[in-house]
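Engineer: Start from chain V and add chain S according to the hints.
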Amino acid sequence: MALSLAEKTWRDKRLEMIKRYEEEEKRQDFINEAEIWRILEEKAHPEPAEVREVLAKARELKGLSPEDTAVLINTQDPELLQELFETAFWIKNQVYGNRIVLFAPLYVSSPCVNNCVYCGFRHSNEAVYKRTLTMEELAQEVRVITRAGHKRVLAVFGEHPASDVDYICRSLETIYATKHGRDEIRRVNVNAAPMTVEEYRQVKEVGIGTYQVFQETYHHETYRRLHPPDTLKHSYKWRLFALHRAQEAGIDDVAIGVLFGLFDWRFEVLGLLYHAMDLEREFGIGPHTISFPRLEPALNTPFTTNSPYLVSDEELKKIIAILRCAVPYTGLILTARENPELRRELIRLGVSQTDAGSRIAVGGYSEMEKEHILERQQFKINDTRSLDEFIYDLCQDGYIPSFCTAGYRAGRTGCHFMEFAKKGLVKNFCVPNAILTFKEYLLDYASPRTRELGEKIIEQYLQEVEGRLPRLAEKVREYLARMEAGERDLYV
Amino acid sequence: MTSTFKSRAEQIVEAALREKELTEALQRAAEVACRLFGLPKLYFARAIGRRLHHLTYYGEETYLPAVKEPLGHGLYAFLEGAERLEEGAKAELLAALRQVVEFYADKGREAL
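Sequence order for the protein chains is V and S. 1 is the number of the first residue of the first sequence in this note's numbering; add one for each residue after it. 1001 is the number of the first residue of the second sequence in this note's numbering; add one for each residue after it.
Here chain V stands alone, though its shape is the one from the complex (with noise of 0.2 angstroms):
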């Protein structure tokens, strides 16, 4: 299918201000893909003292070198490899405690310019069906959200004039406004294309939290290959530097990722570490959250199951051990494209933040509350847990799941965050909001068996805090006593 005149006139307008931006960049390309395979190679065959020696660095919470990096990359040795999962659930407990944060996925406009080899969306798959939603549509897909608990979601939007900056600023105006009794959107994360400083400003001033764009593949020549000529995602620097240009607009939590699945997995976590790096650099601002979504299976989109670097449980459950070690501060979110099973394995390896009860075909919540359709979706999700159920799972694991949005509200972001983050001082904030959110769930929404399990959990976290800082515990007890008689939003 051809893109319509109105979709290739807007493509066109926007690609000729692409490339007078990659004229203009005078950022250096900060993936060195030379210096990435030397490293590689030279760690190639680490000795387990040396990868012992790197997991104990690992603990100061101060993040790794490239080089250590790649000793773990390449650590195979199965007791190593166990030593590595436990460094990594030790340092996720020391910077944000034993809390997973919750958020649903909305998946506001699916219609897209672009033609992206592996993805469903992609502007000549006829094979999947896309549209964008109406402020009213959307309204309603964040009642259906809301109604189940959530307090933060995550919109994602295609590339396209239908869904341009002025249809996002508008999106995230409609909801927030949303609300109905004690349901309401506290935090709206988005993922959307990369766009100009003057747009990224525009959607800062409607309050966007955190900012997400993934490079897909820092792998240059592949990302040419997947991501067609005369397409607005083929321009690798405009997409590497799309955080750079969120920052310089005041943007100040920002999210990297990877695809894990169209190139070599081992080069793409340095890729990850050398972005987080450089965002430092210039910003002194790492990324807010890294993600890791592995290539799942699309309609009409063979590339899905056929690509040579599909990652395997093994290599995934390594990326993210790996990537709480290197990059100890930033949150690290694992989403439904896993099964339960392995979800639950993951989890446990430094993940911080996850979805639940979600479906991502654009009005899916409002229109398949029972059933995921993959004809209307970009790809395959595993977990279709509904949220109480996916919380009632992580009781019984013993994590305490938390809707906060307190960060962002309280002045507590960017350099702010960052700075309780990389001391590992985060989880005085978060594992109390996480005990007042997850009451104000059991309260409101919760299933009877959740309910009972949810009460004891708060009650072994509030002895944790209790153990460590009283006076706050106090507080927390205080706001508990507050929510049981009908207030509502309450944090530290």
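For the record, the hints were derived by calculation from the structure and aren't laboratory data. Treat the hints with caution; some may be incorrect.
In silico BS3-like links for lysine-lysine, alpha-carbon gap of 25 angstroms or less [what the hints assert, rightly or not]: (1) 1041(S) with 423(V); (2) 422(V) with 1041(S); (3) 204(V) with 1068(S); (4) 1090(S) with 1006(S); (5) 1068(S) with 179(V); (6) 475(V) with 1068(S); (7) 475(V) with 1041(S); (8) 13(V) with 204(V); (9) 475(V) with 1006(S).
Some chain V residues well away from chain S (every beta-carbon gap over 12 angstroms; in silico) [as the list claims (entries may be wrong)]: (10) 40; (11) 236; (12) 300; (13) 471.
Some chain S residues judged to face chain V by a derived CB distance under 7 angstroms, without partners named [unchecked claim]: (14) 1041; (15) 1051; (16) 1058; (17) 1078.
By construction, the Cβ of each residue, glycine as well, lies at the ideal position given by its N, Cα and C atoms.
Structural biologist: Here is chain S on its own, set in the frame of chain V:
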């Protein structure tokens, strides 16, 4: 004879207005305010929609809820340990901080 006594509010304003930009002025104000009022921490944020965007701070974190106070022009102060302030002190402190914000608004030194 002219009195050389300066109130705490005056000292905050005087120190802050020596700075060129609002963020630096607030940082300086926070430093002086924490010393004079015995606050453990004072920080500032700018409201952008529902987001309170961190600007600057001074002091040591208490991990207790901060008191949020509007300063005008979409700016907020977060006072930690505000319960320790004697009667009237909070109002005096906030008046000083608002004066600092107003100064920069009037001068248009930095977009508010």
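Engineer: Does each hint hold? Answer for all of them.
Structural biologist: Hints, one by one, checked against the model:
At roughly 18 angstroms between alpha-carbon atoms, residue 1041(S) and residue 423(V) fall within 25 angstroms of each other, so this suggested pair holds. The straight-line distance between the Cα atoms of residue 422(V) and residue 1041(S) is roughly 19 angstroms, inside the 25 angstroms bound, and the hint therefore holds. Restraint check for residue 204(V) and residue 1068(S): satisfied, since their Cα atoms lie roughly 22 angstroms apart, inside the 25 angstroms limit. This hinted pair checks out: residue 1090(S) and residue 1006(S) have alpha carbons roughly 17 angstroms apart, not beyond 25 angstroms.
As the CA atoms of residue 1068(S) and residue 179(V) are separated by approximately 24 angstroms, the hinted pair is consistent with the 25 angstroms bound. Between residue 475(V) and residue 1068(S) the alpha-carbon distance is near 17 angstroms, which keeps this suggested pair within the 25 angstroms criterion. Straight-line distance between C-alpha atoms of residue 475(V) and residue 1041(S) comes to about 18 angstroms, which keeps the hinted pair within the 25 angstroms bound. Annotation: proposed proximity of residue 13(V) to residue 204(V) holds, straight-line Cα distance about 23 angstroms (limit 25 angstroms).
At roughly 37 angstroms between alpha-carbon atoms, residue 475(V) and residue 1006(S) are farther apart than 25 angstroms, so this suggested pair is violated. The beta carbon of residue 40(V) is kept farther than 12 angstroms from every beta carbon of chain S, the shortest such distance being approximately 37 angstroms. With a least beta-carbon separation of about 30 angstroms from chain S, residue 236(V) lies farther than 12 angstroms from that chain, consistent with its non-interface assignment. Taking the minimum C-beta to C-beta distance to chain S, about 39 angstroms, the non-interface status of residue 300(V) holds against the 12 angstroms cut.
Residue 471(V), annotated as away from the interface, has a beta carbon of chain S within 12 angstroms; the closest lies near 6 angstroms. Checking residue 1041(S) against chain V by beta carbon gives a least distance of about 11 angstroms; that is not within 7 angstroms, so the hint is violated. This hint holds: residue 1051(S) has a C-beta 5 angstroms from the nearest C-beta of chain V, less than the 7 angstroms allowed. With a cut of 7 angstroms, the hint placing residue 1058(S) at the interface with chain V is violated, because the nearest CB-to-CB distance is about 12 angstroms.
Residue-level restraint check for residue 1078(S) holds (minimum Cβ-Cβ distance to chain V is 6 angstroms; threshold 7 angstroms).
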